[in-house]
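**Student:** Respectively, the protein sequence lines represent chains A and B.
Read in numbering that gives the first Met the number 0, the first sequence has 316 at position 317, and its numbers run on one by one without any break.
Read in numbering that gives the first Met the number 0, the second sequence has 172 at position 173, and its numbers run on one by one without any break.
These are calculated hints, taken from the structure and not from any lab test.
Note that this is a predicted model, so its numbers are computed, not measured.
One or more of the hints may lead you astray.
[As the list claims (entries may be wrong)] Listed below are several chain A residues computed to face chain B (Cβ distance under 7 angstroms; list not exhaustive):
no.: 1; residue: P67
no.: 2; residue: S134
no.: 3; residue: T135
no.: 4; residue: H138
no.: 5; residue: Q249
no.: 6; residue: T279
no.: 7; residue: D296
Note that the Cβ used here is the ideal one computed from N, Cα and C, for glycine as well.
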Amino acid sequence: MAEILVLVDHLDGDVKKVTLELLTKARSLGEVSAVFVGSGFDTAKDKLAEYGAATVHVADADELTAHPVAPKAELLAKLVADGDVAAVLVPGTAEGKEVAARLAIKTGSGVITDAVDVVASDQGIVAEQSVFGGSTVVHSTITRGTPVVAVRPNATQPEPAPAAAERVDVAVELSASAKLATVTERVVKSRTGRPDLTEASIVVSGGRGVNGAENFTVVEALADALGGAVGASRAAVDSGWYPHQSQVGQTGKTVSPQLYVAAGISGAIQHRAGMQTSKTIVAVNKDAEAPIFDLVDFGVIGDLFDVLPQATEEVAARKG
Amino acid sequence: MKIVVCVKQVPDTASEKALRSEDSTLDRDAVDAVMNEMDEFAVEEALQLAERTDGEVTVLLMGPDQGTETIRKALSMGAHKGIHVVDDALHGSDAVATSAVLAAALASEEGAGGAYDLIILGSEASDARTSLVPAMLAERLGLPQLTFAQKVDTDGANVTVERLTDYGHDVVTSGLPAVVSVVEKINEPRYPSFKGIMAAKKKPVSTLDLGDLGLDAAEVGAAGAWSKVEDFAVRPPRTTGELVKDEGDGGKQLVSFLASRKLV
Ligand SMILES: Cc1cc2nc3c(=O)[nH]c(=O)nc-3n(C[C@H](O)[C@H](O)[C@H](O)COP(=O)(O)OP(=O)(O)OC[C@H]3O[C@@H](n4cnc5c(N)ncnc54)[C@H](O)[C@@H]3O)c2cc1C
Ligand SMILES: Nc1ncnc2c1ncn2[C@@H]1O[C@H](COP(=O)(O)O)[C@@H](O)[C@H]1O
Numbered sequence: 000m001a002e003i004l005v006l007v008d009h010l011d012g013d014v015k016k017v018t019l020e021l022l023t024k025a026r027s028l029g030e031v032s033a034v035f036v037g038s039g040f041d042t043a044k045d046k047l048a049e050y051g052a053a054t055v056h057v058a059d060a061d062e063l064t065a066h067p068v069a070p071k072a073e074l075l076a077k078l079v080a081d082g083d084v085a086a087v088l089v090p091g092t093a094e095g096k097e098v099a100a101r102l103a104i105k106t107g108s109g110v111i112t113d114a115v116d117v118v119a120s121d122q123g124i125v126a127e128q129s130v131f132g133g134s135t136v137v138h139s140t141i142t143r144g145t146p147v148v149a150v151r152p153n154a155t156q157p158e159p160a161p162a163a164a165e166r167v168d169v170a171v172e173l174s175a176s177a178k179l180a181t182v183t184e185r186v187v188k189s190r191t192g193r194p195d196l197t198e199a200s201i202v203v204s205g206g207r208g209v210n211g212a213e214n215f216t217v218v219e220a221l222a223d224a225l226g227g228a229v230g231a232s233r234a235a236v237d238s239g240w241y242p243h244q245s246q247v248g249q250t251g252k253t254v255s256p257q258l259y260v261a262a263g264i265s266g267a268i269q270h271r272a273g274m275q276t277s278k279t280i281v282a283v284n285k286d287a288e289a290p291i292f293d294l295v296d297f298g299v300i301g302d303l304f305d306v307l308p309q310a311t312e313e314v315a316a317r318k319g
Numbered sequence: 000m001k002i003v004v005c006v007k008q009v010p011d012t013a014s015e016k017a018l019r020s021e022d023s024t025l026d027r028d029a030v031d032a033v034m035n036e037m038d039e040f041a042v043e044e045a046l047q048l049a050e051r052t053d054g055e056v057t058v059l060l061m062g063p064d065q066g067t068e069t070i071r072k073a074l075s076m077g078a079h080k081g082i083h084v085v086d087d088a089l090h091g092s093d094a095v096a097t098s099a100v101l102a103a104a105l106a107s108e109e110g111a112g113g114a115y116d117l118i119i120l121g122s123e124a125s126d127a128r129t130s131l132v133p134a135m136l137a138e139r140l141g142l143p144q145l146t147f148a149q150k151v152d153t154d155g156a157n158v159t160v161e162r163l164t165d166y167g168h169d170v171v172t173s174g175l176p177a178v179v180s181v182v183e184k185i186n187e188p189r190y191p192s193f194k195g196i197m198a199a200k201k202k203p204v205s206t207l208d209l210g211d212l213g214l215d216a217a218e219v220g221a222a223g224a225w226s227k228v229e230d231f232a233v234r235p236p237r238t239t240g241e242l243v244k245d246e247g248d249g250g251k252q253l254v255s256f257l258a259s260r261k262l263v
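Chain B with its partners taken away, still in its complex shape (with noise of 0.2 angstroms):
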C-alpha cells in the first residue's frame, strides 16, 4: 500500500505567538519550529498501516526551507522519503493555497502522479487551527474525505474509519484511495531510534518549487489568498484576580464571588 502522509512544521506551542505588523503573518523568527503535533499521529498511523501492508510512506510538507528538520523527524521515525514544496511565494498562503499546493504535488512526477491509496493528514495545525485543508484537499482530489478519524482499518480494498462526533463516533467506510485525517487519540507516536535517525539521512528528499509544480506565484502566498486581515490589536493580559487560602470556608467564599457576579 502507498501512503502519504502530508505534515506541517509549526511554531512549537510553548513558546508565545504573535503577529508581524507588516504583513500580518506569524512572525516564525520569534519562536522554534517543530513539526505539528496532530501530524506526529498521521505519521504513525502511516507506518503502522505500511507496515501491516508492507507498504511505502512518503512524507509531504509544504513550507519554508527550516521545513526540512520536520522531514527528516518523519523519515527517521520510519517514514521512506520526502516531497518538500518550497518557494518564496508560498508565504503567507491559506489554507486554499495549501490544499491546491499539496493537490499538485501529489499529482506530481515526484508524488507518483497520484497513484496513492491513502493520504493522510493531522486534522487540525496547531497554528493557525483551522481544520480546513483535509477537507479541501479531498474536495480538490474528488477523493472520499474520512476525517476526525479515532480508529483506521483497511484491507486494501477499502477503509473504514470511526469519525469523532459531539455525540460518540460515526463509522464511515469507502473505497481507495482516500483521504484521512487523525485526532490523538489514534495512537501513540514512536520516537525516533538513534538508527532510525541515521538511516533518515540516507533517506531520498525531492524539493519542488511552484515552476515545477506548473502553479502561478499570483494563486498561492498572500497575494493569491481568498481572505485579507484588514487589522489585529493584542489584548491586555488577563490580570490575577482575588486569591484566597482555603481555611475550611474556600468552597462558600468562592460561591460569593459567584453570586457576587450574577452566576448563581
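Next comes chain A alone, as it looks inside the complex (with noise of 0.2 angstroms):
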C-alpha cells in the first residue's frame, strides 16, 4: 500500500492534538508514516504509535529548525521523491500551509488547505473544504502531482489504532536556498496553563464589551471551569485587551470547537468567518439585536457581568 506522510506538530516531543487528527485520517488512505522534524523523538514515539503511526521518519539535525519552513519542505520533497507516497497531510496551521505552499512548488503537485475532511474515492483523494464562513461545503481532488493537503485542526475526532512507530532516520543535505532565513531568537509568550486556541475544544471569547484588559478576568474565569481557551474579538485585541494570537475571526484564527461562548461580541460578519463552524455556540450580549444571536443556539440578553460570573459558579457548583 502507498505511503501517506503526516507532518508532525510538536514542541520538543510534546505532541500537538492537530497530529493524532492527522494521524486518524491518514489510516483511510494509505500506510502512515509520520514525519518528525526536530528534537524530542523520544518523548513523542508513545503518542505516535498509539494514533498509528506505522513508521516515523526522523530528521533531528538542528538545521532543520534554524531556518524557518523551507528545510521541512525540502525534506518531504525528498520523502516524496524517495518512496510511494499517495498524500502528504500537513497541519493546517500558520506554519503548515507555508510547508505545503513550498512543498507543492517543489513537487509540482497540486494542494489543498483548510480541509475539514479527506477520503480516498475512484477519483483519488477528496478533500472537503468548509468556506465562506461554513455557509458553503466544496470538495476538490488534486489533478497533478502527490496530493499535499493542509487540514484544519480541531476537523476530526483522534482515535488510537496501535502501530509500531518504527524509527527510520532520515539524512537532509540541505540546499543553500533552504537556508536563506535563519532564526537568531525564539521568543515564547509564559504558558497559560490553558488549551491552544485552534484546538480547545471550548472556546470563551470576549469582545468590546468586556471594556478593558483587567475585566478579561472575567472571561478567563469562566474558560478554566470549562477547562477552555480564550478568545478575543479584533476589537479587543485592537484595544490592547488581549493578544493578537488570541483573535478569532477573518484575520485572526479559525476555530471550530464543540462550545463556543461569545460574551460582549456584536457578531460582525468578520468575526462571524472565524468561528461560524462550532458545533454549539452560545452568547451573552446586553443587545438584544446584536447580530450574534442570528447563529447561537442559546442566547443571553443581559449584561456580561452578571452572567459570566453566575454560569462561572454554577459550573464550578456542578462539578461539586
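Since each chain comes alone in its own frame, lean on the hints to assemble the complex.
**Tutor:** This is the structure we're talking about:
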C-alpha cells in the first residue's frame, strides 16, 4: 500500500492534538508514516505509535529548525521523491500551510488548504473544505502530482489504533536556498496553562463589551471552569486588552470547537468567519438586536458582568 | 531601496459571497471589490521603509480590469508606480498560478528584471484565505522567506522580522533581496490624502498580459489549476435557538443549557 506522510506538529516532542487528528485521517487513506522534524522523538514516540504511525521518518539535525519553513518542505519533497507516496497531510496551521505551499511548488503538486475532511475515492483523494464562514461546502481533488493537503485543526476526533512507530532516520543535505533565512531568537510567551485556541474543544471569547484588559479575568474564569481556551474579537485585540494570537475571525484564527461562547461580541461578519463552524454557539450580549444572536443555539440578553460570573459559579457547583 | 508590494483586489468582506454554478469560481459581479485589507498594511510598511531609505515602491497586482482601482489606491497612498497583469486566461487562477505570474512579472522589464531589495505581501487574502502565495513566491524566486511579520527592520543589507507564532514570536533574519509578508498588527495604514489622490492619476501603471510575460495560457487560470473543485453545496444558514432575557438567573440558565448538551 502506498504511504501517506503526516508532518508532525510538536514542541520539543510534545505532540499537538492536530497531529493525532491527521494520523487518524491518514489511516483510512494508506500506510501511515509520520515525519518528525527536530528533537524530542523519544518523548513523542508513544503518542505517534498509539495513533497509528507504522513508521516515523526522523530528521533531527539542528539545521532543520534553525531556518523557518523551507527545510521541512525540502525534507518532505525528498521523501516524496524517494518513496511511493500517495498523499502528504500537514497541519493546517500558519506554518503547516507554508510548508505545503513550498512542497507543492517543489514537487509540482496540487495543494488544498483548510480541509475539514479527506477521503479516498475513485478519483483519488478528495478533500472537503468549508468556505465563506461555513456557509458553503466544497469537494476538491488534486489533478497533478502528489496531493498535499493542509487539514484544519479540530476537524476530526482522534482515535487510537496502535502501530509500531518504527524509527527511520533521514539525512538531508539542505540546499543553500533552504538556509537563506535564519531564526536568531525564539520568544515564548509565558504559557497560560490553557489549551491552544485552535485545538480547544471549548472557547470562551470576549469582545469590546468586556471593556478593559483587567476585566478579561471574567472571561478567563469561565474558560477555566469549562476547561477551555480564551479568544477575543478584533476590537478587544486592537484595544490592547488581549494578545493578537487570541483573535478569532477573518484575520485571526479560525476555530471550530464543540462549544463557542461569545461575550460582549456583536457578531460582525468578519468575526463570524472565524467561529461559525463551531458545533454549539452561545452568546451573552446586552443588546437583543446584536447579530451574534442570529446564529446562537442559546443566547442570554444581559450584562456579561452578571451572567459570566454566575455561570462560572454554577459550573463549579455542578462539578462539586 | 527598491520595494515591490503585491496587492490583491478582493470582494468586500461586508458583502455576501457565493460561487458561480458554471465554473465554481467566485461570483465577482455580485459584490463590491476592494483592496485586500491585509495588503493595506503591506503598502504602508513598504512606504515607511521607502521613506526611511529614500526608496521607491512599485505596486504589483494580478487581476481583472477593475484591479486598476486598487492599484490607484496604493498609488494615492504614496506608491510610485504600478504593474497590472491582466489577461482573460487568468480567470480562476489558484495560488500556484498566481505565484508563477507574480514571479514572471517581477522578472520582466517592467519589473526591473527582478532587481528589488524587498518584496512585501499581505499574509493572507480575505477571499480564498489560503496564505500560500508568499511562501510559493519565495520558493519560486529562490529568495529568503520572512513571513507573518509583526515588525520589519532593515539596514539596507539585511532584513530582520518578528515572525508571529502560536507561542509568541521568532526573530528571523536574512540578506536582501527577500520576500516578506506582514500581519495587520504591524502598523496603521494611512488614508490617501486629496493631494495623494490627485498625484496618483499621473503616476505610471504598466499593463502586462501573458504574452508579455512569456507564460502559456494553459499553465494559468482554471485550465492550469493543479486542483479541481468537484462539487459544492450551500448549507442552510444557522437558525437562532433559544433566547432568554437575564432576570437574575441568566448565568444559571446558560449552564443548564450547556448541561443539556453535555458540555459541562
Ligand atoms: C477586513 C476586516 C477584517 C476583520 N477581521 C476581524 C477578525 O478577524 N475578528 C474580529 O473579531 N473582527 C474582525 N474585524 C472587525 C469586525 O468588523 C468588528 O469590528 C469586530 O468584530 C467588533 O468587535 P466586537 O464585537 O468585540 O465589538 P462591537 O461590535 O463594538 O460589539 C460589542 C458588543 O458588546 C455588547 N456589550 C457591551 N457591553 C456589554 C456588557 N456589559 N455585557 C454584555 N454585552 C455588552 C454590545 O451590545 C455589542 O454588541 C474585521 C474588520 C475588517 C474590515
Ligand atoms: N492576484 C494577486 N495579485 C497580487 N498579489 C497577490 C495576488 N494574490 C495574492 N497576492 C498576495 O499574496 C498575499 C497572500 O494571499 P493568499 O496566499 O492568496 O492568501 C496577499 O495578501 C497579496 O499580497
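**Student:** Each hint should be assessed against the structure and marked as holding or not.
**Tutor:** Results of checking the hints against the structure:
no., hint, in the structure
1, P67, "holds (6 angstroms)"
2, S134, "holds (6 angstroms)"
3, T135, "holds (5 angstroms)"
4, H138, "holds (5 angstroms)"
5, Q249, "holds (6 angstroms)"
6, T279, "holds (6 angstroms)"
7, D296, "holds (4 angstroms)"
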